[in-house]
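Just need the whole structure built from these sequences, with the hints factored in.
Each residue of the sequence shown is one higher than the one before, starting from 221 at the first, in the working numbering.
Don't take each hint at face value.
Label pairs and their calculated CB-CB ranges [what the hints assert, rightly or not]: (1) 349 with 272: 34 to 42 Å; (2) 291 with 246: 49 to 57 Å; (3) 243 with 362: 45 to 53 Å.
Everything labelled a hint here was simulated from the structure, so no lab data went into it.
Note that CB positions come from ideal geometry on N, CA and C, so glycine has one too.
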Amino acid sequence: AVVSTQSGHYGRGSTLQAALDVQAKLNVLLSSPPDIYPEMVEKLQQDSKTYRKHGEKLSEELAVLHAASLLQSTDPVLTIHRPTADTEYSLTLQRELRDSCEKERLLLLTMGEQGSALFVFRGPVDVVDRLGKGLAQQLGGKGGGRDGKFQGKFTDLSLIQDAVLFLKDNLDS
221 AVVSTQSGHY GRGSTLQAAL DVQAKLNVLL SSPPDIYPEM VEKLQQDSKT
271 YRKHGEKLSE ELAVLHAASL LQSTDPVLTI HRPTADTEYS LTLQRELRDS
321 CEKERLLLLT MGEQGSALFV FRGPVDVVDR LGKGLAQQLG GKGGGRDGKF
371 QGKFTDLSLI QDAVLFLKDN LDS
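Set out below in structure tokens:
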């Protein structure tokens with residue numbers, strides 16, 4: 221019997237050979253024979269979960285260190301850029317800087333790469349309400365927010381410094 225597929229005609233032997241080729245590749249990838257594939261896959265899944273949790277913990281620790289460093293600054297606008305949009309990092313940094321940003325300082329956290337970036341703007345509610353939309357425009361992006369937090373998306377990382385100047389120039393107006 222011949223099996224017809226989109227890529228051509230295969231006899232029974234070809235299907236068996238394809239299965240053997242897959243098994244040979246899995247032997248190499250899993251460094252094991254077929255009878256222990258399930259255990260190896262379970263181990264890989266567990267390792268992946270462990271590494272992910274470890275990475276999240278490192279992101280939190282890095283955010284705490286960055287927050288402490290930012291708090292040493294006398295600048296009223298705290299800025300930091302991360303090349304990856306890491307939720308754990310972002311939330312921890314914001315939590316660590318919450319008291320300072322609710323009272324007198326502003327935080328502009330940008331994350332991502334050219335063409336696809338996010339921003340989070342925190343500060344006193346009245347200031348964020350007044351400057352949030354203008355900040356998004358300065359970044360060439362869009363966003364929204366409330367309660368002292370404005371966030372959005374933008375694409376051009378070269379506009380970050382202009383956005384910081386916008387915040388500094390309009391902080392007291």
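Checked hints:
1. Evaluation of the 34 to 42 Å hint for residue 349 and residue 272 yields a pass: the beta carbon distance comes to about 37 Å.
2. Under the hint 49 to 57 Å, the C-beta atoms of residue 291 and residue 246, about 51 Å apart, fit the expected range.
3. Take residue 243 and residue 362: their Cβ atoms lie about 50 Å apart, and the range 45 to 53 Å holds.
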